[in-house]
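A.B. asks: What follows is each chain in one-letter form.
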Amino acid sequence: MNRYRGRPAAVRALVRPTEVHKDLYIDLELFDLEMEHLFANAWVYVGHASQVPNPGDYFTTTVGTQPVVMVRHTDGTVRVLYNRCAHKGVKVAGQTCGNTGRFFRCPYHGWTYRTDGSLLAMPLKKGYDDTGFESCEASRGMAAVAAVQVYRDFVFCRSNPQGVGFAEFFGESLSTLDNMVDRSPEGRLEVAGGVLRYLHHCNWKMLVDNQTDTCHPMVAHESSAGTAVRVWQEAPPGTPKPMAVEIFAPFVSPYEFFENMGLRVWVNGHGHTGVADSLHANYSPVPGYWERMVAAYGEARAQRILGDVRHNTVYFPNLMIKGPIQTLRLFKPIAVDRTLVESWTFRLVGAPDLLLERTLMYNRLVNAPTSIVGHDDLEVYERAQAGLHARGRDWVHVGRLYDPTEVDRVNVTTNGTNELQMRNQLRAWLRYMTASMPEEALA
Amino acid sequence: MITITDRQLVDFVYAEARLLDEQRYDDWLGLFSDDGHYWMPLTPGQRDPRLETSLLYEDKLLLRIRTERLRGRRTFSQQPPSRCHHLLQQPSVESADDAGGRYALRTAFHYVETRLDTQTLYAGWARHELQVLDGALRIQLKRVDLVNSDAAFGNINLFM
Numbered sequence: 145m146n147r148y149r150g151r152p153a154a155v156r157a158l159v160r161p162t163e164v165h166k167d168l169y170i171d172l173e174l175f176d177l178e179m180e181h182l183f184a185n186a187w188v189y190v191g192h193a194s195q196v197p198n199p200g201d202y203f204t205t206t207v208g209t210q211p212v213v214m215v216r217h218t219d220g221t222v223r224v225l226y227n228r229c230a231h232k233g234v235k236v237a238g239q240t241c242g243n244t245g246r247f248f249r250c251p252y253h254g255w256t257y258r259t260d261g262s263l264l265a266m267p268l269k270k271g272y273d274d275t276g277f278e279s280c281e282a283s284r285g286m287a288a289v290a291a292v293q294v295y296r297d298f299v300f301c302r303s304n305p306q307g308v309g310f311a312e313f314f315g316e317s318l319s320t321l322d323n324m325v326d327r328s329p330e331g332r333l334e335v336a337g338g339v340l341r342y343l344h345h346c347n348w349k350m351l352v353d354n355q356t357d358t359c360h361p362m363v364a365h366e367s368s369a370g371t372a373v374r375v376w377q378e379a380p381p382g383t384p385k386p387m388a389v390e391i392f393a394p395f396v397s398p399y400e401f402f403e404n405m406g407l408r409v410w411v412n413g414h415g416h417t418g419v420a421d422s423l424h425a426n427y428s429p430v431p432g433y434w435e436r437m438v439a440a441y442g443e444a445r446a447q448r449i450l451g452d453v454r455h456n457t458v459y460f461p462n463l464m465i466k467g468p469i470q471t472l473r474l475f476k477p478i479a480v481d482r483t484l485v486e487s488w489t490f491r492l493v494g495a496p497d498l499l500l501e502r503t504l505m506y507n508r509l510v511n512a513p514t515s516i517v518g519h520d521d522l523e524v525y526e527r528a529q530a531g532l533h534a535r536g537r538d539w540v541h542v543g544r545l546y547d548p549t550e551v552d553r554v555n556v557t558t559n560g561t562n563e564l565q566m567r568n569q570l571r572a573w574l575r576y577m578t579a580s581m582p583e584e585a586l587a
Numbered sequence: 131m132i133t134i135t136d137r138q139l140v141d142f143v144y145a146e147a148r149l150l151d152e153q154r155y156d157d158w159l160g161l162f163s164d165d166g167h168y169w170m171p172l173t174p175g176q177r178d179p180r181l182e183t184s185l186l187y188e189d190k191l192l193l194r195i196r197t198e199r200l201r202g203r204r205t206f207s208q209q210p211p212s213r214c215h216h217l218l219q220q221p222s223v224e225s226a227d228d229a230g231g232r233y234a235l236r237t238a239f240h241y242v243e244t245r246l247d248t249q250t251l252y253a254g255w256a257r258h259e260l261q262v263l264d265g266a267l268r269i270q271l272k273r274v275d276l277v278n279s280d281a282a283f284g285n286i287n288l289f290m
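If you read the protein sequences in the order shown, they are chains B and L.
Under this note's numbering, think of the first position of the first sequence as 145, with each following residue one higher.
Under this note's numbering, think of the first position of the second sequence as 131, with each following residue one higher.
Simulated from the structure, these hints should not be mistaken for lab results.
Cβ coordinates follow ideal geometry from the N, Cα and C atoms, glycine included.
Fair warning: there could be bad hints in the mix.
Claimed, not checked - Below, computed lysine to aspartate or glutamate pairings styled on EDC-like, alpha-carbon distance capped at 20 Å: (1) LYS190(L) with GLU259(L); (2) LYS190(L) with ASP178(L); (3) LYS385(B) with ASP189(L); (4) LYS190(L) with ASP164(L); (5) LYS190(L) with GLU378(B); (6) LYS232(B) with ASP273(B); (7) LYS385(B) with ASP165(L); (8) LYS235(B) with ASP201(B); (9) LYS385(B) with ASP164(L); (10) LYS190(L) with GLU390(B); (11) LYS190(L) with ASP156(L); (12) LYS235(B) with GLU281(B); (13) LYS190(L) with GLU501(B).
Claimed, not checked - Covered stretches of chain B (chain L as the covering partner; in silico rule of three or more C-beta atoms under 8 Å from a C-beta of chain L): (14) 290 to 300; (15) 498 to 504; (16) 513 to 527.
With the rest of the complex left out, here is chain B (with noise of 0.2 Å):
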């Protein structure tokens, strides 16, 4: 019998004010109904534009566990596409990314698409005459994501065809997006450096939980930043802090440290760390980019737009940004225990080579699958993966610093261990899960 599927009151009951079930992470009729509501009905991230910077450029990836293809049409806009023949359902685009000229074609019968999707033709056509194939499925050609937005080269999809526009779904976080945009003195970003990708034998919100988790980085990554500051500190005096150095060391700060840099949320699950400050705060200066910045902004915004060292703002469900380190992570989903990570970096165009070379090292220290950071968080990921299935305990506590008030308030800053950013998580899984459930017929 089924425990959720058709039952949004069963599901509801999963999210308490401070707490939520263990099923969330552990139930695989969940995992399956977070793919066919929440993944449809939220706005989720596809890729970046200067992946396909021409006209037949395309990059394939997943919305949810969907297969998709994201391309540039032929005339100049990005389309994203389910990546599924109309004819046999074979993944047409094959690779991660190429440029398949004017249409793709299909590898299994040839059938040909143009790179909005529709059918352009297929061999012997004759024939489909008279078999009543303008009124089949297969006639539409491959489909299109309902729905597309990109903005300013982020590319997002809500593939639920009804549903929360962009602009309200996201409402005052797309200022996180912004601030990295802006760090360009040209005000543009390319991917670049290459991805980073890391199996997790977890489910994919542990992963998102942890972002704005300030609680953890003292204790689990003690192991890392805490040997590197001691290592270092063994160093003759008067040797310059190392870039990797600067980079490890602000994960052991103390928990005032965490409590003093504040927290914000904004709608429907987004928010962010790193107020006031962050770790990303006290990075050393890299020559002639502050010039440049004072040249294509002027002083007074230059200095703002440095001044924003965001740490980690969460697109709900499954993006996160690091603004002043201008690197990307998405969880995807692949089951209800096994998530990918990616980590992707950006290149600020027109900015000294010497930023993009400390993402990368950033990157490669804290996201890559050979991370002493990264070791760690898996560790613990997976471990509450197996945790989670004693019985005797149902429920995930998530009640830091709760106030019966903080419901209906939004875009608010609060202390910076505060786990209210986890319950904005919560609330906007339970609104885009139950969004598209019919209610239940009342017996």
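Assemble the complex: chain B is given as a structure, and chain L must be docked to it using the hints.
C.D. replies: Same frame as chain B, but now just chain L:
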């Protein structure tokens, strides 16, 4: 000028792998020159460790942080610890500059890392760029190219 035989070069590569399998990290770090690096590129044929992402590109300071961490009391992901096993094909000497004391070797390998009940096999090629310093061979660069370097991996905890 000290003459280094091919046999000495090949034995150096075998001995280095043995130190890693036996987790004798202080001795292993001692094999690197002060400006030595350990590099695991992300993409096949990668040329640039600076402006292209790598899995690892570590100088001696970072390698020391990494090895000290492995034995730390609060290194939870190493409780219980990982173990590893190198299986090397005979290294081939790719270049030898006796006058400058510089040598390069290429070694195909299979590497197994285990922790708890999971055993993972990796395969690739190692390139050792060695230099004679104070009469002894030292690693200037150890480059590890996995055959599937751009695949999605779980934790890679130790050194290949």
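A.B. asks: Please name the hints from earlier in the document that this structure breaks, with their numbers sorted from lowest to highest.
C.D. replies: 14
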